[in-house]
Amino acid sequence: MTFDWTAAWDALPQLLDGLVVALWATVLGYVLALVLGLAFALLRRTERAWLRLPVGFVVEFIRSTPLLVQLFFLFFVLPAVGIELSPLATGAIGLGVHYATYTSEVYRAGIDGVPAGQWEAAKSLSLSRGRTWTRVVLPQAVPRVVPALGNYAIAMFKDTPQLTVVTVAEVLSVVKAVGAQNFRYLELITVAGVLYLAAALLIAWPVRALERRYRKETA
Amino acid sequence: MSTGLWLLLFDGLLVTLQLTVFGAALGLVFAFAAGLARLSGRRVVRGIAFAYTEGFRGLPALVVLFWLVFALPALGLQLEPLFAGVLALALNIGAYGAEVVRGAVLSVPAAQLEAAVALNFTPWQRMRLVVLPQALVAMVPPMGNLLVELLKATALVSLVYLQDLTFQGQIVRAATGETAAVFAGLLVGYGVIALALTRLVRLVERRAAAGLGRTPAREVTR
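For the record, the sequence lines run as chains A and B. Be aware that the first sequence starts at 1, since it is given in my numbering, and climbs by one per residue. Be aware that the second sequence starts at 1, since it is given in my numbering, and climbs by one per residue.
Simulated from the structure, these hints should not be mistaken for lab results. Keep in mind that this is a model prediction, so the values were computed, not measured. Every residue, glycine too, gets a C-beta built ideally from N, C-alpha and C. Treat the hints with care, since some could be wrong.
What the hints assert, rightly or not - Below, a sample of chain B positions facing chain A; criterion: calculated Cβ distance under 10 Å:
{"no.": "1", "residue": "G58"}
{"no.": "2", "residue": "F66"}
{"no.": "3", "residue": "L75"}
{"no.": "4", "residue": "L79"}
{"no.": "5", "residue": "L156"}
{"no.": "6", "residue": "T166"}
{"no.": "7", "residue": "L186"}
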């Protein structure tokens, strides 16, 4: 069998549409992961054991089980309990919750890195707990973990092909749909791979730039 | 649920465990080959290893798997399904493992190398007797994390019709209609395997540290 690139060339607009969908899923999922991850990190530090322990268990559980099965779970179980979401929303929630368990560890490391003297200073100035967190601890904890957080944006993008199981029209779904008509899987999957690689490198670029900037500042 | 369906799940569990074990073994080979090659003095060797690690860390594992299963046959090469799964997973996890190997080797203090040079060790002796024994210990914890990532990634093979735990779970779901219970059960199953793997890695970690005459790091108490 020989390569026939015309089939893949004709499908390129659809593949690029799929790539845009994948990028949207990444953006939405990533915002959720950033917010929920911080919530997880804070809840795992609370003094209330009835809150800290269950949250810790749930986070560890989600992190050690496959995203694919979690997506199946959301896709089949949410409608059964009366929550009807679009495929993209289901996929973004799946990605966001899964990656929140990773970002929460990153936040934790950042918070642990804030010197004890900062906490003591906040206490001696009798700042409230809310102000201590929002004005003293987090402004120091978050910037130093920005590069590590950025890496999870790239990792999350590379997990978007799995959203094909919740019928999100991303690149792999396009490959399957077009391939079912012309059977040119070799060319289609190869082109899809090149697109993923190019997009991953494109996302990596600003992340590396952030990394350099924050390294300079904290050095 | 009938006995037949439980047996189906058990078959799937065996396939998942095979993928994890063989994927880890082959992945380790790729990780060491690429990780050490990236430290080679020869530019060509370094370049190939760099292309491998950057390439496979930029490609989704699922796309690599699809390529091996659906695209490669068009080039006249039909892989055994289980082998295709193992290869795709190993190529992916090996690229991450290579970074672990490289980092661990670089973390060995320079004075150790200088001492080995002063003792007139050959490069191979330096690597085998001085660098690797110390680097291996540093590799264990990050490799343990990758092992759990590998276990999670094995679920992807169900999308190319390999009959792993997730695939058989889908069959059971179709047969019983107990959607929520089946998927929750699958998640618990993977969680338990991951827990067992983590425990195993902890054990290896303690043994390895003790082997170097280091006391294992104490658990941080609150």
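Here is how each hint holds up against the structure:
1. At its closest, the beta carbon of B:G58 sits 4 Å from a beta carbon of chain A; the interface hint therefore holds under the 10 Å criterion.
2. Of the supplied interface hints, the one on B:F66 holds, with its beta-carbon coming within about 5 Å of a beta-carbon of chain A, less than 10 Å.
3. With 10 Å as the threshold, the beta carbon of B:L75 comes within range of chain A, its nearest partner Cβ sitting at about 7 Å, so the hint holds.
4. Annotation: B:L79 was flagged as interfacial toward chain A, and the flag is violated, the nearest CB pair being 14 Å apart, outside 10 Å.
5. Checking B:L156 against chain A by beta carbon gives a least distance of about 6 Å; that is within 10 Å, so the hint holds.
6. Residue-level restraint check for B:T166 holds (minimum Cβ-Cβ distance to chain A is 6 Å; threshold 10 Å).
7. Contact between B:L186 and chain A, as hinted, is supported at the beta carbon level, the nearest pair being about 5 Å apart and thus within 10 Å.
Violated hint: 4 only; the structure is consistent with all others.
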